[in-house]
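J.: Just need the whole structure built from these sequences, with the hints factored in.
Everything in the sequence shown is counted per this note's numbering, starting at 0 for the first residue and increasing by one.
Think of the hints as simulated: they come from the structure by calculation, not from any bench.
Fair warning: there could be bad hints in the mix.
To be verified - List time: in silico DSSO-like cross-link candidates among lysine-lysine, alpha-carbon distance up to 30 Å:
| no. | residue 1 | residue 2 |
| --- | --- | --- |
| 1 | LYS121 | LYS149 |
| 2 | LYS149 | LYS245 |
| 3 | LYS245 | LYS153 |
| 4 | LYS102 | LYS121 |
| 5 | LYS149 | LYS102 |
| 6 | LYS245 | LYS121 |
| 7 | LYS153 | LYS102 |
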Amino acid sequence: MAGAGRRACCITRKGNVFAFEEGERIFQYFREDTALAGHTIEHAVIGEIDGQAVDAYRLRGGDTEIEVMTYGAILRRVMRSDRNGRIADIVIGYDDPADYVAKPGNAGAICGRLSNRLALGKFTLDGVDHQLPTNSGPHHLHGGLPGFGKRFWKAEPAPENNAVTFRMESPDGDQGYPGALDATVTYRICEDGALAIEMEAVTDRATILNIIYHGYWNLAGHASGNVESQRLRLLCDSYTVVSEDKIPSGEIVAVAGTPYDFTEMHPIGDRISETWPGVGYDHNLCVAGYDGSMRVVAEAEDPASGRGFTLSTNQPGIQFYTAGHYQAQPTEGKDGALYREFAGFALETQHYPDSPHHENFPSVVLRPGETYRHLMRFDFTAGK
Numbered sequence: 000m001a002g003a004g005r006r007a008c009c010i011t012r013k014g015n016v017f018a019f020e021e022g023e024r025i026f027q028y029f030r031e032d033t034a035l036a037g038h039t040i041e042h043a044v045i046g047e048i049d050g051q052a053v054d055a056y057r058l059r060g061g062d063t064e065i066e067v068m069t070y071g072a073i074l075r076r077v078m079r080s081d082r083n084g085r086i087a088d089i090v091i092g093y094d095d096p097a098d099y100v101a102k103p104g105n106a107g108a109i110c111g112r113l114s115n116r117l118a119l120g121k122f123t124l125d126g127v128d129h130q131l132p133t134n135s136g137p138h139h140l141h142g143g144l145p146g147f148g149k150r151f152w153k154a155e156p157a158p159e160n161n162a163v164t165f166r167m168e169s170p171d172g173d174q175g176y177p178g179a180l181d182a183t184v185t186y187r188i189c190e191d192g193a194l195a196i197e198m199e200a201v202t203d204r205a206t207i208l209n210i211i212y213h214g215y216w217n218l219a220g221h222a223s224g225n226v227e228s229q230r231l232r233l234l235c236d237s238y239t240v241v242s243e244d245k246i247p248s249g250e251i252v253a254v255a256g257t258p259y260d261f262t263e264m265h266p267i268g269d270r271i272s273e274t275w276p277g278v279g280y281d282h283n284l285c286v287a288g289y290d291g292s293m294r295v296v297a298e299a300e301d302p303a304s305g306r307g308f309t310l311s312t313n314q315p316g317i318q319f320y321t322a323g324h325y326q327a328q329p330t331e332g333k334d335g336a337l338y339r340e341f342a343g344f345a346l347e348t349q350h351y352p353d354s355p356h357h358e359n360f361p362s363v364v365l366r367p368g369e370t371y372r373h374l375m376r377f378d379f380t381a382g383k
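T.: As structure tokens, this is what we get:
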């Protein structure tokens, strides 16, 4: 694999241009690719994966700066200032693009076709049985081997919208899924610094679909340790009960009186030891009053720095995950940081896991003539 054995690169700023350095040598650099409507999108080739170049793009707006890349359509960096103006990268990730292939957790990736878990990799659609690959014990997870988060997407910068769109063409039968699928994900920085993520897809044959953004946040800065003291509110009044291997039973239970009750903002770590199964949170919570409209579903804040965000979406569920996989496998991340358990938290807006097996769950079926549309918006705050 290209890039194996290369020391992780650091990032410095030279004037208004970011530079990747390896020792004293410039490894890759961002250049101003285009500037329209007052916006600048910077571009660089930042490495290779299996001989294919990895392109990255930087966007700025308001007090927000992000970096996205073609492999996995990954959101690799989000730079935000705290209440005192100190800037930090607040998402978990890796310096070397090749690390996103082998290191755990799908950090920052767009996952699909069917994200989260599907029991035994099986489903029936319109009377036809389908078998998908099993890549999480006996179950199917995040679209298979490889899912969308482990593939290259085609980038289409749109400086007039301060956005980059990534495009994926998935043929009929890909990973066992029926239908040829055309999917896009667009990252856009709004004038006020909000981050909008829009995932869309169309198909030529009935299929199942649940595309998600799988990023991990640490509002104190990605290298600052665990997120147990960071505070969270989820506008979710119930959750889907799961078995020991995290497959839903079909039962939907009120969060009141359980460690999954975040209807009032409180520290993530308050009841994290009471969760089951696994290490920490990895549970689907159901958005209260879901009707398909765009609405606020979460608020998060780091009391120490003041950084926070409000999350809005049009999806019925949120997979709240506190990166428990790093307990068994502590992993070196950006800038030499060592990620351990609870190094970040993910809020994966989504349809419920294993939906094809539960008629009481919102449907994940997409048919010809329909457009799948998954919206997310992060409105950032810096505190006072």
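J.: Provide an ascending list of the numbers of those earlier hints which the structure does not satisfy.
T.: 3
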